[in-house]
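Enquirer: Listed below are the residues making up each chain.
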Amino acid sequence: MMTLLHNDFVLEMIRLVLYAVGLIAFAAFNAAYLSLLERKIPSWFQLRYGPKEVGWWGLLQPVADGIKLLTKQLLVQRGADVVLFKLAPAMVVIPAIMCLATIPFSETLVPRNINLGLLVIFSFSAIHVIGTMLGGWASYNKYASIAAARVVAQNIAYEIPLLLILVSLVMITHSFNLHTIVDQQAGGFWRWNVLRLSASPLMPVAFIIYFICMLAESNRAPFDMVEAESELIAGAFTEYSGMGFGLFFIAEYANIVVGCALGTILFLGGWHCPFGLLPGLHWFLIKMYFLCFTVIWVRWSFPRTQFYGLLNLSWKVLIPIALANLMITAIMLKLF
Amino acid sequence: MSIEAKSIHRETFVINLGPQHPATHGVLRIKLTMDGEYIDDAEPIIGYGHRMQEKMGENRTYAKFLPNTARMDYVAALFNSQGYVGAVERLAGITVPERAEYIRVITAELNRVASHLLWAGAFLIDLGGFTPLLYTFDDREQILDLLESVTGARLTFCYYRFGGVCNDIDDEFVAGTRQFISRLRSRMPMYHALITKNIIFRKRCEGIGPITADVCRRYGGTGPVLRGAGVAYDVRKAEPYSVYPQFDFNVPVYPEGDCMARYRVRMDEIVESLRIIEQALDKLPAGPVMAEKVPRFLKPPKGECTFTVESARGSFGVRAISDGTDKAYRMKLRSPCFSNLSLFQECSRGMLLADALALLGSLDLVIPDIDR
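Sequence order for the protein chains is R and F.
For the first sequence, our numbering begins at 152 and goes up steadily by one.
For the second sequence, our numbering begins at 984 and goes up steadily by one.
With the rest of the complex left out, here is chain R (with noise of 0.2 Å):
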């Protein structure tokens, strides 16, 4: 037993093991919990106590919802194309978990360190667009049909300024490995990259466009066209019930963790303390919920976009502004 503890393989083995289950965990706790604090802070802006009776706080109120969808019966309307209309959730899902896989939590939890990370979650994220159009189009609903479409036309346009912004961010760390990113802003909140004024002074407004691309790439209100239930009911996810829309419903939440996380990796120090001190996963976690609650602030603050608003948001706001900011920068690392 011992000598089988000591071989590498079945370490890592067991190591894998326990990272792919905790991630799985975490993700889902996230989209539990997230979605109660979605009803909780609303209801601190809105005058009314938000969910209270199940459990201390409403606190075991994801509970009741998770029994409540797994019980529902999944409905598959006539004329829809089962197996796409069945895989669609799940093309969501994994990709959105999967990209935590490569998201370095503190200086030693970290699931995978791998050398083109950012690049990994960018390849996986872009996935769950797939998903969301399929699962709309397999509906055979024209209400989910506009969303699908929407979908592809939304997320084309915001993901090029998204990667704009980080091709000049890879520009200034020279690294793709996020571990390696972090470790450059360690010292306090004067050399994270948001403040990263010396490498370009527009790294600010990158944040801010990161921030903007991200809710729009996991589709959240006031960018929430997929959705948008006062137009298309329930857009791409009208005909799913039961776990099909559960787990449309946990990727949503998976994505803005991976965004939130992403964000506060690449712009706000990651695990590092803003003063220097005791620098550890609490860090990334307080930066990274505070990121959540201001998605969650966002979208019940504001009324929803029009679709052609925020396309022209896109081409004609943050692509120039991206291109701007990559221009500065080449300029910027050229001369200096």
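Watch out, some of these pointers could steer you wrong.
Straight-line C-alpha distance at most 25 Å; calculated DSS-like pairs for lysine-lysine [claimed, not checked]:
| id | chain 1 | residue 1 | chain 2 | residue 2 |
| --- | --- | --- | --- | --- |
| 1 | R | Lys-467 | F | Lys-1180 |
| 2 | F | Lys-1186 | R | Lys-467 |
| 3 | F | Lys-1014 | R | Lys-293 |
| 4 | F | Lys-1285 | F | Lys-1310 |
Source of the hints: derived by calculation from the structure; they are not laboratory data.
Chain R is fixed; fit chain F onto it per the hints.
Expert: Coordinates of chain F only, in the frame set by chain R:
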């Protein structure tokens, strides 16, 4: 190789918006012929909530039909009662005591404020912003509490009677109303900061869904829809009824004709209504609230009359024809929502779905008022 416009395959599809759809606020069905996200044709299909109110008005005695009027435009129920009661009083030649008219104006204007507040919240929900609804509901709740204390109901008021009102208002109501006026006045800047100045809200409203005065004239659009198109037509000014000539108030007019203009008209009307209520409370005369000698079984003499009031949604008209019996021979109810909906088909042509829903929301439709 050139691409000819003809060779591009163009296909439209039909979407049923409703009868159950979050944006229709009731059982309204709109058959949309869509070209992608653009609307080719929007045909409203109404009647899901048809209850034959007009026929009921002809089959019941005048007094028995009175509670029905509150079930048409239930968001601003007092205006329907006001129109109906006014028409019957005109038919029967009943003079209403001045105090009763004042109370009618106070309660009706409170109802207008409540209706506009509800609309502002619901309109924001149509645009995807949920939060303002709960703030406007908070204010509307105060009005409903006030109205409940005098009418006994919170939504389907049956407060006006032929010849007056059924309950006198007390000092508590007057004090509460004054308190509410100052409360809402202090909250109006908050609404403007939260909603009017919101950049996304403005982008979704300015220039969206233009309705011209000509369209209003052809379809009979009235109320904030007409005033948002630049026509200063308000029944309270144009054909004054009740004691409205005694009050000093403005008719807000915005010439743009877009959703923003209609929004601004309604927000300004809230302020004007508060002014009217305040003046009415100041001038409130003493005296009875019911006319004397109103017969228990009303049999108006042969004749016909029309009575129009400015409801929260436009002009609500009642045309009653009496044949001398205790039931009306003809009871025509002109609903403002019906006319306002009918212009939707023409105005929404070529619009994007999301913008058309903003236009639909800005018309402030109450579906049971359309179907009657």
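Enquirer: Check each numbered hint from earlier against the structure, then list the numbers of those it violates in ascending order.
Expert: none
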